[in-house]
Amino acid sequence: MPNLDHPAYPADDLFHLESLVPCRESQVSMLLSIFGERQQFSFPSIFIYGHTSSGKTYVMQTLLTTLQLPHVFVNCVEYFTSRLLLEEILIQLQNRSPGTEQTSPVHCDTLNDFVRLFKQAVASQKLQDETLYIVLDRAEQLREMEANILPAFLRLQELTDRNVTVVLLSEIVWELFRPNIGCFEPFTMYFPDYSIGHLQKILSQNHPPEYSADFYAAYINILLGVFYMVCRDLKELQHLAALNFAKYCEPVVRGEANERDTRKLWKNIEPHLKKAMQTVYLREISSSQWERLQHDGGEPGQLKGLSAHTHVELPYYSKFLLIAAYIASYNPVRTDKRFFLKHHGKIRKTNFMKKHEKTSNHLLGPKPFPLDRLLAILYSIVDNRVVPTANIFSQITSLVTLQLLSMVGQNDQLDGPRYKCTVSLDFIRAIARTVNFDIIKYLYDFL
Amino acid sequence: MKMERCLSFVIYRPVLDHYFRSTSNDSEDTVLRFITCQSLWSQIKSETEQIQEDMNKQLLDNLVSFLSRSHSDFQEKTTEWTSRMKFREIPTAALVLGVNVTDHDLTFRGLSDVLQNNITPYVALLEAKDCPGIKNLMQKLMGQLMNCDIDVDSLEDEDCVQVSQNKIRCSMPSLISWYESVTKKTDSETPSEKRNSSSRHWQSPPVVVVFKDMESFTTKVLQDFIVISSQHIHELPLVLIFGIATSPMIIHRLLPHSVSSLLCIELFQSLSCKEHLSTIIDKLLLTSHFPFKLGEKVLQVLINIFLYHDFSVQNFIKGFQLCIVEHFYSQPLSVLCCHLVDIKKRVYSLSHDQCENIRRLPSFRRYVEKQESGKQIELLTNDSFLKEETEKLLEDLHVYHENYVSILRCLHVFTSSLPKYPLGKQIRELHCACLENQVWETNEYESSLQLARMLNKTDLVTMLQQCVEILVSSSGKEFDKTVKHLKEFLTQFQNLEASEASQEQDVSVSSQKELQKKTDLYHLQKTLLELKESRRSKKLTKFEMLRFEVVDYIDRLVRKYLVPAGDRTLHEIVYFNAATVLRGHLNAAPRTALHTALNNPHWYLKNEALKCDGGGISNKAPDICIVYKLHLECGRLINLVDWLEAFSTVVTAAEEPNGDAASSDQVDDIIHARFIRAVSELELLGFIKPSKQKTDHVARLTWGGC
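Chains A and B, in that order, are what the protein sequence lines are. UniProt numbering puts the first residue of the first sequence at 1, with every later residue one more than the last. UniProt numbering puts the first residue of the second sequence at 1, with every later residue one more than the last.
Quick caveat, the hints were computed from the structure, so don't treat them as lab data. Check the hints yourself; a few may be wrong.
As the list claims (entries may be wrong) - What the simulated footprint calls covered on chain A by chain B, stretch by stretch (three residues with Cβ under 8 Å from a Cβ of chain B suffice, anywhere in the stretch; the number is not a length):
(1) 237–250
(2) 311–317
(3) 359–373
(4) 400–406
Unchecked claim - Straight-line Cα separation of at most 30 Å, DSSO-like style, residue types lysine-lysine; simulated pairs:
(5) K235(A) to K220(B)
(6) K86(B) to K201(A)
(7) K220(B) to K304(A)
(8) K319(A) to K318(B)
(9) K344(B) to K420(B)
(10) K119(A) to K344(B)
(11) K57(B) to K129(B)
Glycine included, C-beta positions come from ideal geometry on N, C-alpha and C.
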């Protein structure tokens, strides 16, 4: 007895559809009731939201293709301008039926053109008595296009006077979409996250042909036990499952354990999965490298991850420039005298030791400083005399392009540019160590 | 490569032509110098390119194998369960190239050449400055890809028209349809046509997109591009290459996990630029292939710029090129800076002026002073005698170079393994020390000899073997005896091993016995003390004797061959020593120059009237100089009225020293206008700017003297 039930569609199709969308039956039946029969007008716009990989795109696509409803499916990230987006919808519409090959390229600059061309296309495709669905995936991108795009799509049925429904898919809530001038409110619908049971059910569905479903389900159970805490992304989990399955089967292949020996299999796979969580999952090493390691039976320790290569080699003066920038970013201006003047006086020192703000500057983050201050600090921390050559200035610029410094308010170069140092304390300490400079002694926070 | 070479000549040719050919009578061999300079540079250029290629080979090979692996499943179209279940990630190579951004271009050019020859014709190189938005990125990408296709089969004219990029929609589907059409085309080509394009590539070659400067790309553009292309990875086999200057951590800083999980990132690291420089110095400077040499100061300038400022090998080579041009331009005798085979011919065709030039060389004058009086007169008056002598001296110089390099390498073998490296770890440091002055006079040399006398036997033996290898492979002819000597040392060491083993055992056994005999504590202490005494005063073992001998022998070699080049006669001909000129060109100090020009106009204008003593301001100086000097005395904010008054005082001071008080109250209109012009010039130069804090005030933008 199928859960999905609708008089307009054949029961076979519905049954097939249900098997394709596990754990989303209630949402699908809800959508079906909104859609109604083929020729019936549906709600003008539907807004579907839910967390990453909660099946929004998949459910919509499966639903529309299985029931063979006329539809256009567009990803808004891919068509990044309104023109591209509108043209793409028209092209897909024209190419729907294989008989009518598109002859002339579509030109559609404005929504006005779009409405006109849309009507033509609907007429030529003979879609007048069927609801046409336009699905806009990643609809949050629409907010960055012209202001009229989103309200117009919401009212497309009214504007074109045709039987059309626009479905918006997004990961964020409708409240963040609503333009301040107001618009037609779409029907909003929420796709909740898959629970662990759902994930188990979905992941176990696609078991490899060589092994039994139970065996694979046990594996998925172990996998979820390790990864559920950090990752609920279905796609990612599926990927990880496929990557590590070979290792899980190893004892069985070697004949050391049979498929029912869950404990033995668990002992074999668990440390391996933990290692995978620290490496492949974080993209420290790539999945192809991981597979090769598995294949060769090597230890993952021998392959250094991306974050192991933090060391950056810099020219001598660049190092000092960076150190000076760090000091300038994290020390208050008035303390410069205390750090860099030889005779700053004893009495003043005690005054300075009283910290006015209790908060550490490192918690507040880097502060911008002018170029002159940077150079002044540079001259006082480098032992020998530094000539302010063109090379020094170009080094500052290249530090900016390397994103070790960042420029603040870059509109006025003549005004004396201001910079911020963006590197971390650990990084700058490593740099300072290579030039034998004790940076901690020069930081107000560590006084 | 060709472009580059053309460019460098485009820059230099007019200059060279102008300078070298301007003198109507060619008494100083200008044309010949120019030709020599050009041929020398082209030799060096091809040598450096070769080095570059060799150094990048390993990296490129790795990348090529990565790329050929990356889309193997795209080729085979597998339907296996794991490949079906796995998420299709975009293969990505993170290419860590170091902070010397100027060198990257060459690497990328080499990379794209290699890729186009071996893997795929579809390579696009993107730079951050061209891609502020995803739209520009797609435009750039499609433009490059579709043009490269036209390059490959330029025979088919009608297709070129079809893909004029402006008409094409900049979206992934058009890229995909383009890709399908080009790959299909290669499939349907007749076998004869196939040979030129598809034999080198596979049927569906990957499309490689290189992000040259990953750090400068905005997060949004990268994210969008990756998201888009990951959706089409099944239709378009894309491979990304990220050129990274800092550390691969930047990937995680730029991309959130949801995006970086679409990538399959592998790390590739290029050779460090310091190693690159060492190789370049090794192959260009420490060799006798090229007659041109760098003096100590010049080399130091180039190395300092490299180590202190940019880490750029390309800039080092450019600096080297500048040295060559400068040397051949400024030194008339550089015509003799050529290979040994040409020297004889060139020396004998020298003009009288050139002979006089030789006589004027300081090193030659020193040489003449040392000769007996008869020869002195001959040298100073007889041109043909001078030429004979010059040829001999130049040949000596050549031999000196050959020997110098070999012995320098031997010495480096010793010094590079000493603790704390008193003479430097790199051979370039040793080279500089030897060029500067007599290295054996320095304290560092003394201490390294001390340390060498404490080396253990295995180290010493391996070092000696290395020295023998260096000397045998060197081109110097004098080393037969030295090699024989070193080999003798080696055999002596081997003999020692046998004899010492037996001796050592004797001593230890006897002392052991003695210790065993006495059980009483007092006696034991006494014997131990005695043993210690005897060991201290004990005469040196055979090994120690031999070690002293070896070190002394090396010392003798150094004293004989590593004479600083400045002491050699005629060194000015092949050594370029004008370090200040080079520094002025390569390490310019604009602030200092500007300050000098404004503060001391005499420096540039060479007008005697402008010569001023101390801090005084001459009223004859240009207005801007007066204004500048006055503004140096002010604080952060400058009152314009006060400034104008001071200006008019300075300007009028000398003109009418006893001027009446009435006229000085009212500032002359002309002076006013001059002042305003000077102030706006200063503003243009960036010394001051109008301030909003106080009316009638301007803010100073500089501090201190410069």
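Here is what the structure says about each hint:
For the segment 237–250 of chain A, the assignment as covered by chain B holds, since 7 residues bring a beta-carbon within under 8 Å of that chain's beta-carbons and 3 suffice. Counting residues of the segment 311–317 of chain A whose CB lies closer than 8 Å to any CB of chain B gives 7, so the stated coverage by that chain holds, three being the minimum. Coverage of the segment 359–373 of chain A by chain B is violated [criterion: at least 3 residues with CB-CB distance below 8 Å; count 1]. Here the segment 400–406 of chain A counts 4 residues with a CB under 8 Å from a CB of chain B, which clears the bar of 3, and the coverage holds.
Between K235(A) and K220(B) the CA atoms are separated by roughly 23 Å; this keeps the pair inside 30 Å, and the hint holds. Annotation: proposed proximity of K86(B) to K201(A) holds, straight-line Cα distance about 18 Å (limit 30 Å). For the given pair, K220(B) sits about 28 Å from K304(A) by alpha-carbon distance, which is consistent with the 30 Å threshold. At roughly 24 Å between alpha-carbon atoms, K319(A) and K318(B) fall within 30 Å of each other, so this suggested pair holds.
In summary, the hint linking K344(B) to K420(B) is not supported, as the alpha carbons are separated by about 47 Å, beyond the 30 Å threshold. Note on K119(A) and K344(B): the hinted pairing is violated, with a Cα-Cα distance of about 92 Å set against a maximum of 30 Å. Proximity of K57(B) to K129(B) is assessed by CA-CA distance (about 29 Å); at most 30 Å being required, the pair is judged to hold.
Hints 3, 9 and 10 from the list above are not met by this structure, while the remaining hints are.
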